[in-house]
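Novice: Taken in order, these protein sequences are the chains called A and B. Residue 1 is where the first sequence starts when you use the numbering used here, and the numbers rise one by one after that. Residue 1001 is where the second sequence starts when you use the numbering used here, and the numbers rise one by one after that.
I should point out that these hints are in silico values taken from the structure, not numbers from a laboratory. A portion of the hints provided could be inaccurate.
[To be verified] Computed list of lysine to aspartate or glutamate pairs in DMTMM-like fashion (alpha-carbon distance at most 20 Å, straight line):
hint, chain 1, residue 1, chain 2, residue 2
1, B, Lys1150, B, Glu1140
2, B, Lys1189, A, Glu14
3, B, Lys1189, A, Asp30
4, B, Lys1178, B, Asp1146
5, B, Lys1150, A, Glu14
6, B, Lys1178, A, Asp13
7, B, Lys1171, B, Glu1140
8, B, Lys1189, A, Glu48
9, B, Lys1178, A, Glu14
Being a predicted model, the structure only gives us computed values, none of them experimental.
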Amino acid sequence: MDLAHPDHRARLDELAAQYALGTLRGRARDRFTRAAHADPHIAAVAREWERRLALLASAVPAVNPPPRVWTAIATRLGLEGVRGAGLAWWQRLGFWRGFAIASFAAALVLSGITLMQPPATPGESLVAVLAGPDAKPVMVATAALDQSVLTLKAVADVTPGPGRVFELWALPEGAAPRSLGVIAPAGVVKVRLRGPSGEALARVPALAVSLEPTGGSPTGQPTGPVLYSGRVERLY
Amino acid sequence: MAPGSPDSSERSARLAALISRVAMADQRAFEALYGLTSAHLYAVALRIVKEPSAAEEILQEAYVSVWHHAGSYDAARSQPITWLVSIVRNRCLDQLRRRDLDTVSLTTEDEDAPELDIPDEGPSPAELLLRGAEAHSVRECVETLDGGQKQAIALAFYQGLSHAELARHMKQPLGTIKSWVRRGLERLKRCLDAAGYAR
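Same shape as in the complex, but just chain B:
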C-alpha cells in the first residue's frame, strides 16, 4: 500500500486512534486492535520463528506489551503498523537468539550447523519483497537491487536470517553477504528517499 493513499492513511488513523484508547485501558479498543492486526502480525512472526507455538507465544507477549505500553506510542513519529510490526519482529529476533544460545555448544562452526529450514510454501521472500512494494516507485527501488542483494535482504527481513545464516544458505563468504546487505540497504535508502518516501 502506498504511503499517503487514502486506504492506508485511513487505516493508520483508525489504528492510531485505537492505540490511544488502549493507552487509557479501553478493552473494547484493544479487542478491535487485535482483530484488525493480529493476522498480519502472526504471519510476520510465523515467517521468522517458523514454529506456530513459538509464533503464538510471541504474539501473546507482543499484545500484552502493547496493552501495557500503548501510552508510549507516538503517532507523530511512526505509523501504527510499523510500531506493532517492530514490537513483534524484535521479540522474534530475541527468540531466535535464545535458540542460537541453546545450540551454540553443539555448533560453533558454520560448517557443522544444520541445514536451514526455509519453508518453500507460499511466496518466497524475494517475491514478497516485490509484492510488498505495491507502490510503483517502491517496486522500482527494489528492482534497482542486484540479485544477491535482493535475496539477502529479503531472507533477512522475512525469515530473520543472520549474516552467518545468509552465508550458509546462499553459499557465499560472510564478507560478500555483509557487503551485499550493506550496499543493498544503502541503495534502497537512496532510492526511497529520492522517490519522496523520506519523512
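The shape of chain A in the complex, shown without the other chains:
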C-alpha cells in the first residue's frame, strides 16, 4: 500500500499515531520506519504525532542518571578533557568535593553550637554547615525532625553587597533546587518549611546559598553564583 497516496490519508495518520505512541510494534514498526525514511510526507505526519504527544510528555519527573553514564558516553566517543562542565552546578562532582573538609570544620562549629544552644526538643535533628569553597563555615542550619522550622545561624561575617541578597536553596536528589527563601546575612534566621523537616527535607542531601538580586531569584532557580553549600546530616 502506498501510504503517501491521498486515498490512504486516514490510514497513514492512524499508523503514524500508533508509531508515535509506541503501540506500533515489530515488523509493522520496521515497515513504517522504512516508509518514513523514504518519503518525507510520511515522516512529516509521524513528526506531527510526536509533537502532539510531546505536549503530554513533559510531566515525567526528572531522574538524574548515575555519573557513570556520562563517563561511558565520553569514553565511547573519545571526548577529551571532559570534566562534567555542562552539568548543572548542583550535579557537578566538584561541587560535592569540598564536603570532606567542610564536615571536619562542621564538627568543630557544631560542638560550639550545641553547647551554646541546646535544642528545645530532644530527639533527632537535621544539621547542615554551609561553607564556601575554602571550606570555612559561614552558616549553620538546624531543624528538629518534627518541627517545620529551619534555624539558620550566621557564624562568619558575610554580606551580600548592595542590591543583592542571599537566597537559601534545598537541593533535592534528582530534581532542580527549591527555594527556601531569602535570608538575612547575620544573626539567627527562622525559615519556615512546608512540613516537619524530617519530611520536607527527606530527600534533600544538601542546602546551598546563592547570591540573587533584591527580592530573590526572579526565575525560581538560582541565577547568581552559589556561594555556600553544605550536606544535610542527620543527628541523633
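Once you've looked at the hints, dock chain B against the given chain A.
Specialist: This is chain B only, laid out in the frame that chain A set:
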C-alpha cells in the same frame, strides 16, 4: 509547559543552538546538552524499560547517536526535546521488542504471559497524562477522553505497553483496547489541532 510560552521557547532555542554546535563536534556543547536533558530522558527511559541498567544503556546509546547525528536535526521541523525524546523512546521500544523475542517461545499465548510489572511508585501514567498537560487547553483535551481511552493511552505512552499488554493489564479484549487507543488518539488530535496546537 505551554508551547510558545517564553520559558519553553527560550529553552528550545537554547537546546537547538547546542545541538547545532554538537553537529560541529563541539564537546562543550555536547556536555551542556547532556547536563540539560539527561535527567528528563533518563526518566522517560526508566518508565518504559523499568530496569535502571537497561535505561542507562539506552541513554548511553541515545547520546552517542545524538553526537553522530546532530547534523540531521532540523529545528524547523521539530522541537529539540521532541527529537531527543523520540530517539530515546524508539530505542526503548526496540529494547522491549528484543525482550519480547527472548521470551516468545515461553509465552505465545496471552493467558500464559507473566503479570505485568507496573510500578506503583510515583505518579501513575494517568496522572502524568493530566500533569503533562500543563497548558489549560491541553488538559481540557486530555479530559475529553473516556476513562479507558485515557488509561490505555497513558500506559502505552509512559510505560511502553503494547496492545496485547494493555489488554492483559486492563482485562479487556484486544479489539476493545485497539479501538480505545485509536479513538482516543483521534479525539486528542481533533481537540489539540482545534485548540491551535496544529503547526
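Novice: Each of the hints needs a verdict: does it hold here or not?
Specialist: Hint-by-hint comparison with the structure:
1. For a cut-off of 20 Å, the pair hint linking Lys1150(B) to Glu1140(B) stands: about 12 Å separates their Cα positions.
2. Between Lys1189(B) and Glu14(A), the direct Cα distance comes to roughly 11 Å. Compliance with the 20 Å bound is thereby established for this hinted pair.
3. Of the supplied pair hints, the one linking Lys1189(B) and Asp30(A) is violated, its CA atoms being roughly 24 Å apart against a limit of 20 Å.
4. In summary, the hint linking Lys1178(B) to Asp1146(B) is supported, as the alpha carbons are separated by about 14 Å, within the 20 Å threshold.
5. Between the alpha carbons of Lys1150(B) and Glu14(A) the distance comes to roughly 17 Å, so the proposed pair stays at or under 20 Å and holds.
6. A hinted pair counts as satisfied when its Cα atoms are at most 20 Å apart, and Lys1178(B) with Asp13(A) qualifies at roughly 15 Å.
7. Between Lys1171(B) and Glu1140(B) the CA atoms are separated by roughly 27 Å; this puts the pair beyond 20 Å, and the hint is violated.
8. Note on Lys1189(B) and Glu48(A): the hinted pairing holds, with a Cα-Cα distance of about 10 Å set against a maximum of 20 Å.
9. Restraint check: the Cα-Cα separation between Lys1178(B) and Glu14(A) comes to about 11 Å, which is no more than 20 Å; the hinted pair holds.
Consistency with the previously given hints fails for numbers 3, 7, ordered from lowest to highest.
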